[in-house]
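Listed below are the residues making up each chain.
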Amino acid sequence: MDAEDVRRALTRIAHEILERNHGAGNIALVGILTRGVPIAERLAQTIQRIESTPVAVGRLDIGLYRDDYAHRPTVPIAPSAIPFDVTGKQIILTDDVLFTGRTVRAALSALLDIGRPASIQLATLIDRGHRELPIRPDYVGKNVPTARQEHVRVLLQEVDGEDRVVLRKPSG
Amino acid sequence: MRHLLTLRETSESDIRFLLDTATALKEILQRPVKKVPTLRGRAMVTCFYENSTRTRTSFEMAAKIMSAEAINIAVAQSSVAKGESLKDTVRTLQALQADCLVVRHPSSGAAHFIASQVRIPVVNAGDGRHEHPTQGLLDLFTIRQIKGELQGLEVAIVGDIAHSRVARSNIWGLTRMGARVRLVGPRTLLPADVDRLPVQVYTDLRSGLEGVDVVNVLRLQTERMEKGLLPSLREYSRLFGISVQSLRVARPDVLVLHPGPMNRGVEISDEVADGACGVRSAVEEQVTNGVAVRMAVLYLLMGGGGMSGQD
Chain A
1 MDAEDVRRAL
11 TRIAHEILER
21 NHGAGNIALV
31 GILTRGVPIA
41 ERLAQTIQRI
51 ESTPVAVGRL
61 DIGLYRDDYA
71 HRPTVPIAPS
81 AIPFDVTGKQ
91 IILTDDVLFT
101 GRTVRAALSA
111 LLDIGRPASI
121 QLATLIDRGH
131 RELPIRPDYV
141 GKNVPTARQE
151 HVRVLLQEVD
161 GEDRVVLRKP
171 SG
Chain B
1001 MRHLLTLRET
1011 SESDIRFLLD
1021 TATALKEILQ
1031 RPVKKVPTLR
1041 GRAMVTCFYE
1051 NSTRTRTSFE
1061 MAAKIMSAEA
1071 INIAVAQSSV
1081 AKGESLKDTV
1091 RTLQALQADC
1101 LVVRHPSSGA
1111 AHFIASQVRI
1121 PVVNAGDGRH
1131 EHPTQGLLDL
1141 FTIRQIKGEL
1151 QGLEVAIVGD
1161 IAHSRVARSN
1171 IWGLTRMGAR
1181 VRLVGPRTLL
1191 PADVDRLPVQ
1201 VYTDLRSGLE
1211 GVDVVNVLRL
1221 QTERMEKGLL
1231 PSLREYSRLF
1241 GISVQSLRVA
1251 RPDVLVLHPG
1261 PMNRGVEISD
1271 EVADGACGVR
1281 SAVEEQVTNG
1291 VAVRMAVLYL
1301 LMGGGGMSGQ
1311 D
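Chains A and B are the protein sequences, given in the same order.
Sequential numbering of the first sequence, starting at 1, is according to the working numbering.
Sequential numbering of the second sequence, starting at 1001, is according to the working numbering.
These are calculated hints, taken from the structure and not from any lab test.
Bear in mind that the values here come from a model prediction, so they are computed numbers and not experimental data.
Honestly, I wouldn't trust all of these hints.
Claimed, not checked - Computed Cβ-Cβ distance ranges for the label pairs, DEER-style:
no.: 1; chain 1: B; residue 1: Gly1211; chain 2: A; residue 2: Asp138; range: 54 to 60 Å
no.: 2; chain 1: B; residue 1: Arg1040; chain 2: A; residue 2: Asp138; range: 46 to 52 Å
no.: 3; chain 1: B; residue 1: Lys1034; chain 2: A; residue 2: Ile50; range: 35 to 41 Å
Glycine is no exception: its CB is placed at the ideal position from the N, C-alpha and C atoms.
One chain only, chain B, in its complex shape (with noise of 0.2 Å):
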């Protein structure tokens, strides 16, 4: 593996390859010196053409835990405010010696496009509504480290899956490790090509959570309220909001992550996201296996003979 810019685009033993390396490195954030050399010497840099706290972060802690230098480009300071192409952008990053660019984009596509331009591994930390591949990541590996095993399992992915590139990253990981997808929300939410995807669609919730072992409750991304696809947060959260109650169909066992940020009383009750009345709330474990997951990420992309891969 050369790059990870997508989970589509990512086989079954490199996946399983980086869920059993982060399961070993998640050790190390136990400890009370939470430090490896692995990495020494290596640099990783992130530029973030769009606001991030927690992937940002968490790529910094993973390689600062790793030992490689973690560098942040502000891109609101930077010459991309002058007018420099993203193509001169990177490369320019390149030529400081980089080992490794952590890039998130507005644009779909961006990632592969920066991939193209640079000889040094890129790692999409999210391009437009495409693909967000660490947090898709990090999912399989919360839900594998609580359910034991992926395969067979039945998952649900509930809200703004149109605009959702976590959407997509686990709709392309989770079915390629064996387990079955769904896709719940309003019709409006749902994406364009969602027939040529491998899920079912249901646009009511009580069915769509019927016997799941799974929700994955996505972020309603509120900005996209003003462009009419919605009437109104209180109906979408009647509709579609998951709570104590709308949990009551799915398996008694059920599993709720959410990718952050919550909006609270919207698409996920506070009982719902703070573990609350009996349910499994995971939300604050994913952010702590996101650096685990990350570091897997950047040992096998900068660790070992640089870009030769595992063999």
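The following block holds chain A by itself, in its conformation from the complex (with noise of 0.2 Å):
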């Protein structure tokens, strides 16, 4: 994907977020950080384009809920920022990349922890497979094949300098 297609595919969601939630009024947008977060700006950013409904953006970071802890370093944990009321907010949840759905499982828990939504969706700009937890994406911004073993790498400008999604095949 090139950064046009990036963009087409965040407009195409952002007008599915709002067709399915009957508009912006009671929605909010949540990013896990890191690249979900730019992910989540640009929906609301789009979303108030089409609307002129201003949208509320908060980001997540899920290192406190990890399942996997015990087999990694000790990660850094960044502050995050919730700057509204979640409670009975049709909360859409945003990351670059849905792979085993165990990211997702745990800021479902982070979510969950800070108040009690009217429903959390998922969106994602890119979907590889290999769920490993019974977790479905509600917005997809490309579906992508792959085999486990490859690294799917989403580059956005915020972050990276440059919005592409790469494909790589493993090392060696």
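Two chains, two frames, a set of hints: combine them into the complex.
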């Protein structure tokens, strides 16, 4: 995917979100750090352009909710910032790549610790399959069939200086 | 990082990691439900050979918020009273499958000794007059939170420095992070090795506070009075008490810290303690920040792949 493809995918997702939720009235976006955040911000801007309604955006660090910390070194924790009450809202959770589903599981636990949203929907730029948990996305930019060992890397302007999605074969 | 024994031996990057993590974790304290599952299944044992309310409670809160078990050994009712050695006590706690030991002991160096006897992480919660690293970290955290950064700040530590482990942890932590430290107090309450510390020494309060950004007021340990180190509380208060008046020579936005418990009217006036008359006092914030900092310490030592630390 190149920058234009990413832009079109996000524009379509913004429309789908509005269609499904009957407007932007009660929705709020929450991006999973790191690359879920710029995706949430872009979706919010697009929605605002379409509906002329401002949409709240939050950021969520899921480091404290991982299920694999026994096997990994201690990871730095970034501050979560959800500047609105999630209770009663339709929350659109965003991430760059959906893979095993474990990150989303952690994000759901983190969100539910903060409040009780009316619903949580999941938007992802790439769905690469290989789920290990019963989690499915509500909005997908692109389905990319992959082998388990391959790497999918999403590059975003805000973090990486360019918009691009690259699929890399396992090295060696 | 395997243990937290002193700030003297803690690197700048570890201090920065702890302060940044504490900043992120502090948000949890503002939630309606103050609990994250991060340290589920881990057990922290606190073992205090000296009195403490706030430090012990703060560690206990920190552990519980992170979902670790918090077990306190009441030393007076333990086998210590039967004459068990420190070494045997801590080995027993390790054998009981504690994942982390938090220890306070009246002897300087006790924390290092304990760390040499066990395989699990040890946190020094105060050893004699040596160090109290989590108090040092929470002071650094509070200053950074309010002043934005530590680099280049002028910090005065005022009072009974000789007997203060808080002062030592502050000195090492602050200078490591690029702040300048002044020690201000009567000659009898300055440590014997003051020449070897990276500080400037003032025995006059007025010159010691001139132009400082932060004043960290130490508790006057009145039990020392009996040893003839001070003529009277009243005289101490007149010469070294921090009041709205004595703060006039400091910077207008001077920040006042005190590790508690405070002797109001002795080392600190009521107005300063309560942040009245335009004084910026952070005494209560320090207590709250102490929980966030200890959460970060427990996360670093007990989280992740155990002792592998950060990469």
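Checked hints:
1. B:Gly1211 <-> A:Asp138: 54 to 60 Å: holds (59 Å)
2. B:Arg1040 <-> A:Asp138: 46 to 52 Å: At 30 Å between Cβs, range violated.
3. B:Lys1034 <-> A:Ile50: 35 to 41 Å: Holds, since lysine 1034 (chain B) and isoleucine 50 (chain A) (Cβ atoms, about 39 Å apart) stay within the stated range.
Checked against the numbered hints above, the structure breaks only hint 2 and satisfies the rest.
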